[in-house]
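Participant: Each chain, letter by letter, is given below.
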Amino acid sequence: MIKALELKNINKKFNETVALDKIHLEINDGEFFSLLGPSGSGKTTCLKVIGGFEQPDSGNVSLFNENVTDIPPFKRNVNTVFQDYALFPHMNVEENVCYSLKIKKIPKIEQESQVEEILSTVKLTGYEKRKPSELSGGQRQRVALARSLINKPKILLLDEPLGALDLKLREQMQIELKNLQRQFQITFIYVTHDQQEALSMSDRIAIFNDGKIEQVDTPDNIYKNPKTAFVADFIGTTSLVSKQLAAKLFNYNSAFSIRPENIKINNEQDSKSEFNAKVVVTDIQFQGSYYKILCKANDLTLTTLHYVDKQKTFKINLGDSLELSWNKIDITNIND
Amino acid sequence: MLFRKKKNLNEASLGLKIGAIFGILFLHVPLFFIILYAFTTEDKSYQFPPPGYTLKWFSIVLGREDIWNAVGLSLQVALISTLSAIVLGTLAAAALFKASFFGRDYITLLIILPIALPGIITGISLRSAFGVAGIPFSTWTIIIGHATFCMVVVYNNVVARLRRSSPNLIQASMDLGANNIQTFFYVILPNLGTAILAGGMLAFALSFDEVIVTTFTAGQQTTLPIWMLSELIRPRQRPITNVVAVFIICITFIPILYASYMTRNTTDTDGSSK
Amino acid sequence: MTSALEDFSNYLYRNKHILLLLFLLPPLLWLGIIYLGSLIVFLFHSFFYLDGFTGKVVYKISLSTIIELFSSPANIDILIRTVVLASVVSLGAAIIGFPIAYYMAKYTTPKIKVFFYLAIMLPLWSSYLVRVYSWKLILAKEGIISWFLAKLHLTWLLEAILALPVIGGPSLSISYLGMFLVFTYIWLPFMILPIQASLERVPNSLINASYDLGATKRQTFYKVILPLALPGIAAGSIFTFSLTLGDYIIPYIIGTSKFFIGQAVYTHQGTAGNIPLAAAFSLVPIAVMAVYIYFAKKLGAFNAL
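Line by line, the protein sequences are chains A, B and C. If you count the first sequence from 1, you need to add 5 to reach this note's numbering. If you count the second sequence from 1, you need to add 252 to reach this note's numbering. If you count the third sequence from 1, you need to add 78 to reach this note's numbering.
These are calculated hints, taken from the structure and not from any lab test. Among these hints, one or two may not hold up.
Calculated cross-link-like contacts (lysine-lysine; reagent style BS3-like; alpha-carbon spacing at most 30 Å) [claimed, not checked]:
1. B:Lys350 - A:Lys18
2. A:Lys159 - A:Lys8
3. A:Lys232 - A:Lys269
4. A:Lys18 - A:Lys159
5. A:Lys320 - A:Lys27
6. A:Lys248 - A:Lys183
7. A:Lys109 - C:Lys94
8. C:Lys94 - B:Lys269
9. B:Lys350 - C:Lys94
10. C:Lys191 - A:Lys136
11. C:Lys336 - A:Lys159
12. B:Lys296 - C:Lys219
13. C:Lys94 - A:Lys27
14. C:Lys295 - A:Lys18
15. B:Lys350 - C:Lys375
16. C:Lys184 - A:Lys107
17. C:Lys189 - B:Lys269
18. C:Lys295 - B:Lys269
19. C:Lys376 - B:Lys350
20. C:Lys184 - B:Lys269
21. A:Lys136 - A:Lys109
22. C:Lys229 - B:Lys296
23. A:Lys253 - A:Lys297
24. B:Lys350 - A:Lys107
25. A:Lys13 - A:Lys80
26. A:Lys136 - C:Lys189
27. B:Lys350 - A:Lys27
28. C:Lys189 - A:Lys134
29. B:Lys350 - A:Lys80
30. C:Lys94 - A:Lys217
Derived, one-sided and incomplete: chain C residues facing chain B with beta-carbon distance under 7 Å [stated by the list, open to error]:
31. Ser87
32. Pro104
33. Leu117
34. Ala197
35. Leu200
36. Tyr211
37. Gly324
Note that CB positions come from ideal geometry on N, CA and C, so glycine has one too.
Model the full assembly from the supplied sequences, consistent with the hints where possible.
Facilitator: Laid out in structure tokens, this is it:
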């Protein structure tokens, strides 16, 4: 497999704040790779280091096995789609998209045909003469994509590109982005704080927290086998049980995470599982196809799901006592 | 009932409307009287209403060489000061708008100081400095004074534009393969262009009718405002002064209107993009 | 394609502080040497003194000039008169300016707002002298105000006002009242714009919330709008106050024979040749403004700019 990007021991400080702390990362050619984390976790800084807009204090950036640490952004074969799109306000759509071709002094005729092609790819034919201020959010997003893709970069960096769009449009753009990536067969490095977005689109994800990478894995593995409490909590819903509590209540010698869908609500006739807990229902949230049930027993807080069944009427009420259970195979040990 | 109450709340009260209209009239009516007086036949007092109207003062002013010389000097000073202010103010704005380093706030203060401090202090300071340095008064001593306080006007306009622009524009340009020089000419300059021009226009208007600093740096030279000031202190040629005042209004209104026209356009597009 | 220029520009991109320095150097040299240099030299004169016999400046550090400034009752009069005038002008400008700013911020359509902007920007940037001159026409004994009041048979009122102590005088154009009018007129735009900016930032929902909670229009104005506009008023008053403190032309043209700080500076440096005393007088508005700005900053005035 070809390595599209390699970060080796990248450190970056802003004044006294550590933005990136010993970052190691390898991304394969053709991957849809997400940098996921809460705001301020260092993911955007990491992207800027890859793009060449920020110089790391130490460490190496390699693109396709070539060290580019000291190469300015305009000489790197990567392009960026910025969070605010950064469309040039004084140029129309065509001029924006054409910008890099003009810089490269590509013949006019070729410029025109390339612009036409890319605009039809992002479904913006007919908008050539519009100014960015005359476009909707989604259209600006497409212009930004077209402007970057026209260069046929080997790697496309996307900095929360869907953050400014509303939910429906965002879901639609997610599909389109994925299609574009397949069509162009290039590496996408995608920064987002939306775990749903990262899980549904990515081949692999790096979870950022506090300037460090907590885990790099496929979405499936990250969900099923989170390595740290942070990852377990950040991705999806989970119940965390500390080491102390695990020992006291379940005679188990590690902290663990348990997903709500793995916790069963017992009927009297059910056979005993490996873990059992008597709890009280503290909150019931209707989620459409299921109810989310929040339960508590002293220091233990557990979340489980209850699927709506048309035949049966819903019969769990606030304050009810429930018996919950799960098996060892369902839990993930985490470092406390 | 409810509807009526809502409407009532969203409409300005009569008192507020009257206050606003009064304020606007207060700002503008005096200038209309100057225009009116430029046509009066009375030349010894400020009698109102004018006993008669005439155009003769305009033709007399047209033939007055001393006034034309003053206009020429003022235009020359305003033009060169504005150009210097554009260069210095734009450079300062580019350096200061985003940077954070020790002493940045002091430098910002230093740029604002020439218009924040009373003009008389700036004027006397420069005058005594010219005296100490043995620099004789000339057009250039006036220009030095004017460029100093015009700089901040350009600076303010450019900084405002830089703040409104996406911080990523420069990065986007470099990302698309443009080097610093190309980025400067294709992205930065076109984006700042109207802001610089608007700042320059206002600086021009400011310089063209500045009198306080000029009083101290002009020596024996007479700019148009200095001529005007001497007439204000000892009115000897009232009708001529009236016409010159109208002329100054015209000369300064054009760049101010043009400047606000240009900046209005940008605030419009900014507003719609939000 | 690699040229020396391009190499140099790449070098600058990697070393942003050098680029910064290159940008900053010309304006900094200009302001630092030409402006700040002369300013400091001039102000430092307040620590020298004038030899009473020879009439020449003695270049020895001494506090005698500053003591002279504050020990002479005539000088103290000048200082107090100027500060009082500046305060009254600021107050007047705030009262006249507020309705415009409020109407502009809350009740205009975008098109009308542009018109208002223009209506305020034009006098702000247009000729100071011409605008002062226009009031000389208006306030003159034979001018518009006298004519207008005569038509209304109110000449007695004007005479009664002019007969008042302190603010009156032989005619409006030679009185403190006239001076106050002219100062307020000249600096008014500087007051309107910051108030308008601070009111613009008050979300309408806040005002609606006040109505919703049962406040009347009047209560909402005093309890919600006015306090939130205060930083704007403070910011505007920085301009009106400071500009009035240092002006010497308006008191010269409209005023009586009693001096203000600006005139004192002008006279001492000019005919009297007493640069040290002129410098000492100049220190007063600077010091007053420094204190004023310090308190205005606490009120949040700088966020309203």
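Participant: For each hint, tell me whether it holds in the structure or not.
Facilitator: Quick rundown of the hints versus the structure:
no. : hint                : in the structure
1   : B:Lys350 - A:Lys18  : holds (18 Å)
2   : A:Lys159 - A:Lys8   : holds (11 Å)
3   : A:Lys232 - A:Lys269 : holds (23 Å)
4   : A:Lys18 - A:Lys159  : holds (28 Å)
5   : A:Lys320 - A:Lys27  : violated (52 Å)
6   : A:Lys248 - A:Lys183 : violated (40 Å)
7   : A:Lys109 - C:Lys94  : holds (25 Å)
8   : C:Lys94 - B:Lys269  : violated (53 Å)
9   : B:Lys350 - C:Lys94  : holds (12 Å)
10  : C:Lys191 - A:Lys136 : holds (25 Å)
11  : C:Lys336 - A:Lys159 : violated (79 Å)
12  : B:Lys296 - C:Lys219 : holds (13 Å)
13  : C:Lys94 - A:Lys27   : holds (25 Å)
14  : C:Lys295 - A:Lys18  : violated (52 Å)
15  : B:Lys350 - C:Lys375 : holds (22 Å)
16  : C:Lys184 - A:Lys107 : violated (46 Å)
17  : C:Lys189 - B:Lys269 : holds (17 Å)
18  : C:Lys295 - B:Lys269 : holds (15 Å)
19  : C:Lys376 - B:Lys350 : holds (24 Å)
20  : C:Lys184 - B:Lys269 : holds (12 Å)
21  : A:Lys136 - A:Lys109 : holds (23 Å)
22  : C:Lys229 - B:Lys296 : holds (23 Å)
23  : A:Lys253 - A:Lys297 : holds (26 Å)
24  : B:Lys350 - A:Lys107 : holds (29 Å)
25  : A:Lys13 - A:Lys80   : holds (20 Å)
26  : A:Lys136 - C:Lys189 : holds (22 Å)
27  : B:Lys350 - A:Lys27  : holds (28 Å)
28  : C:Lys189 - A:Lys134 : holds (26 Å)
29  : B:Lys350 - A:Lys80  : holds (25 Å)
30  : C:Lys94 - A:Lys217  : holds (27 Å)
31  : Ser87               : holds (4 Å)
32  : Pro104              : holds (6 Å)
33  : Leu117              : holds (5 Å)
34  : Ala197              : holds (5 Å)
35  : Leu200              : holds (6 Å)
36  : Tyr211              : holds (6 Å)
37  : Gly324              : holds (2 Å)
When the structure is compared with the earlier hints, violations turn up for hints 5, 6, 8, 11, 14 and 16 and for no others.
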